[in-house]
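Undergrad: Listed below are the residues making up each chain.
2 protein chains.
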Amino acid sequence: MAAAAEVSNRSVILKRHVTGFPTEDDMEVVTAAARVAVPPGSAAVMVKNLYLSCDPYMRSRMTRHLEPSYVPDYVPGEVIPTFGVCKVVESGHPDYKAGDMVWGMTACEEYTLITNPESLFKINHPELPLSYYAGVLGMPGLTAYAGFFDVAKPNKGDYVFVSAASGAVGQLVGQLAKITGCYVVGSAGSDEKVNLLKTKFGFDDAFNYKKEHDLNATLKRCFPEGIDIYFDNVGGAMLDAALLNMRLHGRVAMCGLISQYNLEQPEGVRNLACVVTKRVRMEGFLVTDYFGTYRKFEEETGGHLKEGNITYVEDVAEGIEKVATALVGLFHGHNIGKQLVAVAQD
Amino acid sequence: MAAAAEVSNRSVILKRHVTGFPTEDDMEVVTAAARVAVPPGSAAVMVKNLYLSCDPYMRSRMTRHLEPSYVPDYVPGEVIPTFGVCKVVESGHPDYKAGDMVWGMTACEEYTLITNPESLFKINHPELPLSYYAGVLGMPGLTAYAGFFDVAKPNKGDYVFVSAASGAVGQLVGQLAKITGCYVVGSAGSDEKVNLLKTKFGFDDAFNYKKEHDLNATLKRCFPEGIDIYFDNVGGAMLDAALLNMRLHGRVAMCGLISQYNLEQPEGVRNLACVVTKRVRMEGFLVTDYFGTYRKFEEETGGHLKEGNITYVEDVAEGIEKVATALVGLFHGHNIGKQLVAVAQD
Chain A
667 MAAAAEVSNR SVILKRHVTG FPTEDDMEVV TAAARVAVPP GSAAVMVKNL
717 YLSCDPYMRS RMTRHLEPSY VPDYVPGEVI PTFGVCKVVE SGHPDYKAGD
767 MVWGMTACEE YTLITNPESL FKINHPELPL SYYAGVLGMP GLTAYAGFFD
817 VAKPNKGDYV FVSAASGAVG QLVGQLAKIT GCYVVGSAGS DEKVNLLKTK
867 FGFDDAFNYK KEHDLNATLK RCFPEGIDIY FDNVGGAMLD AALLNMRLHG
917 RVAMCGLISQ YNLEQPEGVR NLACVVTKRV RMEGFLVTDY FGTYRKFEEE
967 TGGHLKEGNI TYVEDVAEGI EKVATALVGL FHGHNIGKQL VAVAQD
Chain B
667 MAAAAEVSNR SVILKRHVTG FPTEDDMEVV TAAARVAVPP GSAAVMVKNL
717 YLSCDPYMRS RMTRHLEPSY VPDYVPGEVI PTFGVCKVVE SGHPDYKAGD
767 MVWGMTACEE YTLITNPESL FKINHPELPL SYYAGVLGMP GLTAYAGFFD
817 VAKPNKGDYV FVSAASGAVG QLVGQLAKIT GCYVVGSAGS DEKVNLLKTK
867 FGFDDAFNYK KEHDLNATLK RCFPEGIDIY FDNVGGAMLD AALLNMRLHG
917 RVAMCGLISQ YNLEQPEGVR NLACVVTKRV RMEGFLVTDY FGTYRKFEEE
967 TGGHLKEGNI TYVEDVAEGI EKVATALVGL FHGHNIGKQL VAVAQD
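Chains as they are written, first to last, in our numbering: chain A, 667 to 1012; chain B, 667 to 1012.
It is possible that some hints are incorrect.
Any copy, or any two copies together, can satisfy a pair, since identical chains are not distinguished.
What the hints assert, rightly or not - Simulated crosslink set (SDA-like; lysine to any residue; CA at most 25 angstroms straight-line): (1) K944 - E933; (2) K944 - T729; (3) K944 - P734; (4) K753 - A764; (5) K972 - R730; (6) K819 - L952; (7) K972 - S797; (8) K864 - Y736; (9) K681 - H759; (10) K944 - A903; (11) K944 - Y736; (12) K886 - P738; (13) K714 - P742; (14) K886 - E933; (15) K944 - Y956; (16) K714 - D1012; (17) K944 - D816; (18) K819 - K844; (19) K819 - T954; (20) K962 - A709; (21) K944 - H915; (22) K962 - H731; (23) K866 - R701; (24) K819 - R913; (25) K944 - P747.
Don't read these hints as lab results, they were simulated from the structure. Just so it is clear, the structure is predicted and the values come from calculations on it, not from any experiment.
Kindly produce the complete structure, drawing on both the sequences and the hints.
TA: Printed below as a string of structure tokens:
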């Protein structure tokens, strides 16, 4: 084995646990010399990170939880783990070799030693944009696919409502719903995003929730027959309004609650009586339970992308020094489409 | 046909729509002469009411809803419909004859003309107490059975929590859970009820929620491993505490929200993030969707009752003039076990 190259490895660390909205000052970029090498005898894999993913669930990991959370809290002073698209530069694992393109859990830095390479996924469609493996063909895409098909269980003709509809997950949910023969309405936080939903993603209707004063009335206007499926990315007041508008035997696929992540105390949801009277099923899910089904998803969604049945909008920040801005921006709705950070070209 | 007898028929009418807690003054007993007869050519059935059922869902029907509710609002000045156990005294319907014992939707009065006798159920086990057909073998019993088996989908060894556990539905849920091999804890609103849960119904543990200051801590104490199934009869703060204590892939069978029915505005439930992180399924149901499965339930539960595997506690008020007191008492927890009013012996 040749002597390992020593490189300058820039990393984004969390400086402290966060309460309320995160700020750029909660993170910082540090530089250290690193040996781009797998320790002798180790089955680890050294990767170069090409794209890093910024996702709403990461907010939860910034909090210091008194009891263990569903994902481990980030550790102040350490590099921030995240999903990403990577190139293998050295491998101690028989399933990987230098040059392989993979996606999976890596970290916000230029080079990462992956000590559990079994968690990585090889990229089977390098003819598609590599960045897709941090979005529509990665964790957010599988989230949309599993939540819509396995949790919400759509039928042709269903009335489907998607919140945060132009985001990494929502834009795919809406398009999958259209492919399934559903009527789809999305909500988003700007007129530009609403326009994207209607013109680019083929939603039947969409609205800017920041301009609506009575979400119940808005949903009644958009769904005079009521909602069969609410794909909930936001929780809070929108969930409360959706519950009032569910149809009999409606389903609420609970994917996330981005409206609540930065509050000291979550808002109360008052309309749960509708769950009884309308026989609604509200079901939460996590994408990690579906990683075993990834290949089926990749083939199906990759096919749709190649045939032009599905399109995907990304918001790509350039350079590792943009991670903090990009991540903080998620919680203010600054991103248009899936938020990524491009760290390296190859 | 012999000339119909004319009788004095006492009825309980709702005087006005209700806001907040109902009071006895919201109802009154009126007496009118009635002909105990089915109109010529009609397929209706005239019944004598033996037992009338007082159930929490009736509170919803006392409200004046601006939009149609899941069950029709009661009409001020008219007799209050309710489930009951009845004897057919005259029948215009080929499936019924005088002397048949039935249960189903009747009304708070001595004699009722049932114009949709297809909705009645014949009583197949007259060797059991007739009153059971307003409780453990009637609507509340089927509610418990369907909600526990079809909605909550229990497995042997599951940790099961039941609120309002000594009530008409809860006491059966707890016993079905024990028969299924689950660990069962119930909550109730008095030490007497708690004692009943532990000594009479075989709950593994029980607590008086009125004496607990921190329901989250109480549930942590009762369920150190967490809750697989929460059979929710109350909503509100108890639901919020249960959500914090659900296990992965736990189920909340949402049967009713008696803690909320008399509030001007429902309490907010804040811990819905747990539904996502723990992949919880919250599902509402109504017993009316299960009436088609009644015979299977009747045979199975009737068998358990005859073999002594299941016991049932009733709180029987005597006389139609007690309907208002009994019904109002439900919302203050005055009843111990299933609340009935005995109107006639046979």
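Undergrad: Take the hints in turn and mark each one as holding or not.
TA: Hints and how they fare:
In this assembly of identical chains, the alpha carbons of K944 and E933 lie at most 25 angstroms apart whether taken from the same copy (23 angstroms) or from different copies (19 angstroms). Taking the shortest Cα distances, K944 and T729 sit within 25 angstroms of each other only across copies (18 angstroms), while inside one copy they are farther apart (36 angstroms). In this assembly of identical chains, the alpha carbons of K944 and P734 lie at most 25 angstroms apart only when taken from different copies (12 angstroms versus 35 angstroms within one copy). For a Cα distance limit of 25 angstroms, the shortest separation of K753 from A764 inside one copy, 8 angstroms, qualifies, whereas the shortest one across copies, 84 angstroms, does not.
Taking CA atoms no more than 25 angstroms apart as the test, K972 paired with R730 passes in neither setting, with 42 angstroms inside one copy and 56 angstroms between copies. For the homomeric pair K819 and L952, the shortest alpha-carbon distances inside one copy (16 angstroms) and between copies (21 angstroms) are both at most 25 angstroms. For the identical chains of this complex, K972 and S797 are intra-copy neighbours only, at 15 angstroms inside a copy versus 67 angstroms across copies, given an alpha-carbon limit of 25 angstroms. For a Cα distance limit of 25 angstroms, the shortest separation of K864 from Y736 qualifies neither inside one copy, at 35 angstroms, nor across copies, at 34 angstroms.
Within a single copy, K681 and H759 get their C-alpha atoms no closer than 33 angstroms, and across copies no closer than 79 angstroms, so neither meets the 25 angstroms cut-off. For a Cα distance limit of 25 angstroms, the shortest separation of K944 from A903 qualifies both inside one copy, at 19 angstroms, and across copies, at 21 angstroms. Within a single copy, K944 and Y736 get their C-alpha atoms only as close as 30 angstroms, which misses the 25 angstroms cut-off; across copies the closest is 8 angstroms, which meets it. Taking CA atoms no more than 25 angstroms apart as the test, K886 paired with P738 passes between copies only; the shortest distance there is 21 angstroms, against 40 angstroms inside one copy.
Only within a single protomer do K714 and P742 lie at most 25 angstroms apart by alpha-carbon distance; the minimum there is 23 angstroms, versus 74 angstroms between protomers. Both within a single protomer and between protomers do K886 and E933 lie at most 25 angstroms apart by alpha-carbon distance, with minima of 22 angstroms and 23 angstroms respectively. Taking identical chains as interchangeable, the C-alpha atoms of K944 and Y956 lie at most 25 angstroms apart only when they sit on different chains, with a minimum of 14 angstroms there against 29 angstroms within one chain. Taking the shortest alpha-carbon separations for K714 and D1012, only the intra-copy value of 8 angstroms comes in at or below 25 angstroms, while the best inter-copy value is 85 angstroms.
Taking the shortest alpha-carbon separations for K944 and D816, both the intra-copy value of 21 angstroms and the inter-copy value of 16 angstroms come in at or below 25 angstroms. With identical chains, the CA atoms of K819 and K844 are at most 25 angstroms apart within one copy only, with a shortest distance of 14 angstroms there and 32 angstroms across copies. Proximity of K819 to T954 under the C-alpha cut-off of 25 angstroms is found in both arrangements, the shortest distances being 19 angstroms within a copy and 23 angstroms between copies. Neither within a single protomer nor between protomers do K962 and A709 lie at most 25 angstroms apart by alpha-carbon distance, with minima of 27 angstroms and 58 angstroms respectively.
Taking the shortest Cα distances, K944 and H915 sit within 25 angstroms of each other both inside one copy (6 angstroms) and across copies (22 angstroms). In this assembly of identical chains, K962 and H731 lie within 25 angstroms of each other by CA distance neither inside one copy nor across copies; the values are 35 angstroms within and 48 angstroms between. Taking the closest pair of Cα atoms, K866 and R701 never come within 25 angstroms of each other, the shortest separation being 45 angstroms inside a single copy and 70 angstroms across copies. In this assembly of identical chains, the alpha carbons of K819 and R913 lie at most 25 angstroms apart whether taken from the same copy (15 angstroms) or from different copies (23 angstroms).
In this assembly of identical chains, the alpha carbons of K944 and P747 lie at most 25 angstroms apart only when taken from different copies (21 angstroms versus 41 angstroms within one copy).
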